[in-house]
Amino acid sequence: METQFLLAKAKDKELAKRGECGGAISALFKYLLDQGLVDGVLNLRQGVDIYDGIPTLVEDSEDLMETCGSLHCAPTMFGDLISNYLSDMRLAVSVKPCDAMAIRELEKRHQINEDNLFKIGLNCGGVVMPLIAQKMIDIFYEVDPDDVVKEEIDKGKFIIKLKDGSHKSVEIDELEDQGFGRRINCQRCELKVPRNADLAGGNWGAEPGWTFIEVLTDKGKKLVKDAKKSGYIEVKIPSEKAIGMREKIENVMIKLAHKFQDKYLEENYPDTENWDEYWNRCIKCYACRDACALCFCKECDLEKDFYNDENEVVPDPLTFQGIRMSHACFSCVNCGQCEDVCPMEIPLAVIFHKMQKRYRDKTGFIAGVSEELPPLYSPEKS
Amino acid sequence: MVKEMSDEKTKILGFCCNWCCYGGADTAGTARMQYPPNVRILRVMCSGRINPSMVFKAFKEGADGVFVGGCHRGDCHYDAGNYKWNRRAELIKDILLEFGIPEERFRFEWISASEGEKFQKTMEEFTKTIESMGPLQRTFPICSVKQQGIKAK
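Sequence order for the protein chains is B and P.
What the first sequence shows, in this note's numbering, is residues 1 to 382, in sequence order.
What the second sequence shows, in this note's numbering, is residues 1 to 153, in sequence order.
Be a bit skeptical, because a hint or two may be false.
Said to hold, decoys possible - Coverage of chain B stretches by chain P, computed from C-beta distances (three or more under 8 Å per stretch; other residues unrestricted): (1) 38 to 50; (2) 133 to 142; (3) 286 to 295; (4) 313 to 319; (5) 371 to 381.
It should be emphasised that the hints constitute simulated quantities derived from the structure, not laboratory data.
Just so it is clear, CB atoms sit at the ideal spot from N, CA and C, and this is done for glycine as well.
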């Protein structure tokens, strides 16, 4: 399908006000729920504060209000939530690029039924870890993190809005130079617009109060058309200038991602000695495996007796991380979940991302983006 | 001969496909071609049956080198097993490197049941390579005493 560019906003005044950029995405969800096209919407809701994003299943469109707006301090993953718990539901889900990538890999492996799913993509420049966000707001903004009512990433700045209505912003470059800012795997990520979803919405190139939407599949096209016809959203065609501006922002972000890839996967990449030190920290809690969206086996090789040794203080990395890598690294979507959950702070995403990059260079397979399964699964004689 | 066996230091594990390389080893044996005794052969039904985990386990258990012998391209008894193995082997090489095991210690070759001589030559070559590299010294695992010196990131 030829991609289509649109500007959209919610017709519902409340949604338009509470939603981000005119609430177009929330309006699409409302349309899907009201029309009974889906049984539920999987979305993010703000918990106690802005650093607390809670995955939420909304089954009544009245409840959509509390999932309006965007959260940038929520390193969540919807892929395995769907495959583990919601695979029997017809769902609409808001996906950032890594969610969409994980979902695509799971679809190919028949863990998620594509026909049951509307993937509403959200452009993503990266996610900040909640704790890091609070720390950096304290240090760089000299503000009590609890006073922040809203955060936003725009034009290379991390912007916070305070209780009294004032704004403060700091360049993300500056934050990241000091080891704060977005998660490291997000810094390396080069998929900023989730083109593997049905449509991708965001504020890049959009005028205030409108969401810029790139329609990517026939399913997405029909959704936007029908939602417009039923009076849920208002749509207009963006100017050439707006399209150009969006492309420019995306390209700048991708270029930056490549810079970070060079930095973290080449220049600062740990050598074997460093890795030995990291592997020696492993307490074999299996958190990396459990958090990995792509590890879905009921019976795990890692738990087999013949790969385990009772006398080991730390697991042998070859038969622990090595086996995990041989199962998953070529399909790694660099979502960073393994690294986030590791209690011993082993930089797992770095090695997995590097291996997927190497696999990509050799075979052309891009995890989460390519339509087909990795060549390793192929029955081809080649 | 018995003395030689007990003296050998270099340990090589050889996974051989039942339909070709294992036959090749047999051919070498019946023709009384000598090859180094360092190689311990494990018969598998197809090179496509070998998981990366099995290769890793071999190195973990103290193998200095791992050899895999499969059927020539197009000759797989199960149609495409050796092609699947070939793709897997490329990945194994990359992963081994990440864990500090040089790719020379992991070798795979296509050897048919009639190629006793190729089997013999390959084993001689591979053993020589591994011997010249010395025993595999893995820095891992460091004992728990040393571990106390590691600081968190």
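Hints, one by one, checked against the model:
1. 38 to 50: violated (count 0)
2. 133 to 142: Result for this restraint: violated, n = 0.
3. 286 to 295: Since 0 is below three, the answer is violated.
4. 313 to 319: Holds, because 6 residues of the segment 313 to 319 of chain B bring their Cβ atoms closer than 8 Å to Cβ atoms of chain P.
5. 371 to 381: holds (count 6)
Of the numbered hints stated above, those contradicted by the structure are hints 1, 2 and 3, listed in ascending order.
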